[in-house]
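The sequence shown: position 124 = 124 (the UniProt record's numbering), numbered continuously.
Since the hints were derived computationally from the structure, they do not count as laboratory data.
Any given hint might turn out to be false.
[Unchecked claim] Cross-link-like lysine-lysine pairs, in silico, PhoX-like; alpha carbons within 20 Å at most:
#	residue 1	residue 2
1	K75	K99
2	K71	K98
3	K119	K99
4	K132	K75
5	K140	K75
6	K132	K114
7	K98	K140
8	K114	K98
9	K165	K119
10	K71	K165
11	K114	K165
12	K44	K175
13	K98	K108
14	K71	K99
15	K114	K175
16	K165	K75
Fair warning: this is a prediction, and the values are worked out from it, not measured in the lab.
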Amino acid sequence: MENKIPCQVTIRQEVSGDYNDVHKLNVTAFGRDDEAELVEALRKNHSIFVPELSIVATEKGRIIGHILFTKIQIKDADGNLNESLCLAPMAVRPELQKKGIGGQMIRKGFEVAKRLGFKSIIVLGHQNYYPKFGFQSADKWNIMAPFQVPSNVFMAIELVVDGLKNISGTVIYPKEFEIV
Numbered sequence: 001m002e003n004k005i006p007c008q009v010t011i012r013q014e015v016s017g018d019y020n021d022v023h024k025l026n027v028t029a030f031g032r033d034d035e036a037e038l039v040e041a042l043r044k045n046h047s048i049f050v051p052e053l054s055i056v057a058t059e060k061g062r063i064i065g066h067i068l069f070t071k072i073q074i075k076d077a078d079g080n081l082n083e084s085l086c087l088a089p090m091a092v093r094p095e096l097q098k099k100g101i102g103g104q105m106i107r108k109g110f111e112v113a114k115r116l117g118f119k120s121i122i123v124l125g126h127q128n129y130y131p132k133f134g135f136q137s138a139d140k141w142n143i144m145a146p147f148q149v150p151s152n153v154f155m156a157i158e159l160v161v162d163g164l165k166n167i168s169g170t171v172i173y174p175k176e177f178e179i180v
């Protein structure tokens with residue numbers, strides 16, 4: 001159960017002035033540079049980066065969380081490509097984790113993604129966390145990861161009714177994900 005924090009958290013789109021703080025946040029949250037470098041690399045790829053879907057959580061002007069949704073493709077057996085989004089990475093300051101900040105960013109991301117016309121999101125993540133937001137095992141839609149991973153941690157969500165109808169295949173992650 002998440003404990004709510006007794007502060008005013010603002011969820012908003014990341015701006016360029018946030019980049020250094022977002023980098024530091026990712027290093028702190030993950031204990032390594034990989035995710036911070038991934039965010040920087042994804043921002044530079046304008047074919048997959050959606051500025052509105054790079055979202056920060058702030059408290060009193062300080063960045064305490066960041067989430068990024070980028071474009072990915074799902075390639076079916078016939079070679080057809082279908083666009084989706086990938087949720088990765090998501091970071092919250094360690095001392096503020098399990099207080100609902102990540103959930104606020106996820107819900108804001110869903111709202112913005114739907115407004116922009118996206119129909120689905122894929123995530124590779126904790127099996128006990130993401131289902132709280134509606135994610136289900138991606139194999140429900142016959143959507144597979146491009147690498148071996150337990151099906152209960154590779155998940156998808158339809159942002160609209162039938163958002164993944166008639167879509168199946170293997171997710172193609174952008175080359176930037178090779179960093180992690």
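Quick rundown of the hints versus the structure:
Between K75 and K99, the direct Cα distance comes to roughly 37 Å. Violation of the 20 Å bound is thereby established for this hinted pair. Our distance criterion of 20 Å between C-alpha atoms is broken by K71 and K98, whose separation comes to about 27 Å. Only pairs whose Cα atoms come within 20 Å are accepted, and K119 paired with K99 is rejected, the gap being roughly 28 Å. For the suggested pair K132 and K75, the alpha carbons sit about 27 Å apart, so the restraint of at most 20 Å is broken.
Between K140 and K75 the alpha-carbon distance is near 16 Å, which keeps this suggested pair within the 20 Å criterion. Between K132 and K114, the direct Cα distance comes to roughly 18 Å. Compliance with the 20 Å bound is thereby established for this hinted pair. With a C-alpha separation of about 28 Å, the suggested pair K98 and K140 falls outside the 20 Å cut-off, and the hint is violated. Straight-line distance between C-alpha atoms of K114 and K98 comes to about 26 Å, which puts the hinted pair past the 20 Å bound.
With a CA separation close to 10 Å, the supplied pair K165 and K119 stays within the 20 Å bound. At most 20 Å may separate the alpha-carbon atoms for a hinted pair to count; K71 and K165 meet this at roughly 18 Å. For the suggested pair K114 and K165, the alpha carbons sit about 16 Å apart, so the restraint of at most 20 Å is met. For the given pair, K44 sits about 12 Å from K175 by alpha-carbon distance, which is consistent with the 20 Å threshold.
Note on K98 and K108: the hinted pairing holds, with a Cα-Cα distance of about 17 Å set against a maximum of 20 Å. For the proposed pair K71 and K99, the alpha carbon gap of about 28 Å is over 20 Å, so the pair is violated. Pair hint K114 plus K175 does not hold up; C-alpha atoms about 25 Å apart against a cutoff of 20 Å. Restraint check: the Cα-Cα separation between K165 and K75 comes to about 14 Å, which is no more than 20 Å; the hinted pair holds.
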